[in-house]
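*Asks:* The primary structure of each chain is shown beneath.
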Amino acid sequence: MSDEENDIILSELDDDELVQQMHDDLYDGLKEEIEEAVNILLERGWQPYDILTKALVGGMTIVGIDFRDGILFVPEVLMAANAMKGGMAILKPLLAETGAPRIGKMVIGTVKGDIHDIGKNLVSMMMEGAGFEVVDLGINNAVEAYMEALEAEQADILGMSALLTTTMPYMKVVIDTLVAQGKRDDYIVLVGGAPLNEEFGKAIGADAYCRDAAVAVETAKEFMARKHNQLAAG
Amino acid sequence: MQLPSDAALTDQPLAPEGRGRMLLLACGALAHEIVALKRLNGWDHMDLACLPAILHNHPDRITGAVREAVAKHRAAYDTIFVLYADCGTGGQLQAACAEIGVEMLAGPHCYSFFEGNAAFAAHEDEITALYLTDFLTRQFDAFLWRPMGLDRHPELRDMYFSNYDKLVYLAQTDDEALTAKARTCADRLGLAFERRFTGYGDLATELAARA
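Quick note, the sequences are listed as chains A and B, same order. As numbered in this note's numbering, residues 1 to 234 make up the first sequence, in order. As numbered in this note's numbering, residues 1001 to 1211 make up the second sequence, in order.
Since the hints were made in silico from the structure, they are not lab data. Using N, Cα and C, we set each Cβ at its ideal position, and we do this for glycine too.
The following label-pair restraints were derived from C-beta to C-beta distances: (1) Asp-1187(B) - Glu-198(A): 37 to 43 Å; (2) Glu-36(A) - Val-1035(B): 53 to 59 Å; (3) Asp-1187(B) - Gln-230(A): 51 to 57 Å; (4) Asp-185(A) - Asp-1151(B): 44 to 50 Å.
Listed next, the in silico DSBU-like pairs over lysine-lysine satisfying Cα-Cα at most 35 Å (straight line): (5) Lys-85(A) - Lys-1166(B); (6) Lys-221(A) - Lys-92(A); (7) Lys-1181(B) - Lys-112(A); (8) Lys-92(A) - Lys-1166(B); (9) Lys-112(A) - Lys-1166(B); (10) Lys-172(A) - Lys-1166(B); (11) Lys-1181(B) - Lys-31(A); (12) Lys-105(A) - Lys-172(A); (13) Lys-1166(B) - Lys-31(A).
All chains, please: the whole structure from these sequences, using the hints.
*Replies:* Below you can see the structure in the form of structure tokens.
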């Protein structure tokens, strides 16, 4: 970041300029600036949902596109995500109070034997940003933990993540258990993680493999829309 | 055989000398250990070619690179032995080796075959361990610190490693300076340190079985 940019006083920018600056600051992973800008927009009477979608999700969408195009790499995406997390922490309690739209509910977790959660955390955050309620089970989840949470939370979507080729087969254990208990059709099952691919997702019986957080959000929205259409038709 | 620097083994392939009936097609991260075993056992009939060790960070590229190297060298040797384990290829390397008719090392990765696949598998409680070998300790910055962006964004460290609790240095050799370096790596990552001497493990026995 240049000295000139350092001199920008966020509170002096008009709304459009500030949102644009937030996109730039997210891109640069500047958490404190994002937190400051979120507070400024709240003081100006912006609805938390609008700040979330227009400023934060809008900015992260640009980050996601540049990551997919090989312009940004994982460390830079993580810095951006960390900045967004700062903004989300301010908005989350307000979103609950102001009755922001809710698209669906997802239970998500890294599978048994695997402690890697960076991708999962990113998906959780982007799903929340898109209006999904997310119940994050954390790392190293046995099939029982998924089954219990799906039931207790009355979730629409199950998300499973793995970083290791040695742990990703466990996703099939969970899906097979859903099938065995006659519950497979109750949930949309999305899987992701660096060593996975579409072929693997199909082979284990998932509804979709999502190669990144943005794809996970779009896929979840599509499946929820289909589910609603089916319910309406039925 | 005179090996190039670790930095060269990281980024560049190592061409075979063109001597011997059997080609060992290996990950560059194993070059020092293989040369030591060859010298120790007088395995002069084994030639060595390496793929860039940095493929360790890109397992999706390993299978294709091995296929290409086998096709390139196979006419010049009676047999080719691929010195990779699964290494994050999810069974794809095994399938490719079976298809093209070459053998490869058993096990999930070098951490496992250096310790011995059976012994490594017995550590059921070690999902929170990060492993280094001699080579990876020497090349810690090239394989881990810089690719993860920790040189530029040290604040990301806990995002990457908060679920880990220890760094296990699987030592192929007794080297005080290298042990000290591995301990420093653990400190830099904020992890507890453990050193486990492995020697060459299954790498030695698998090579001996084919000597």
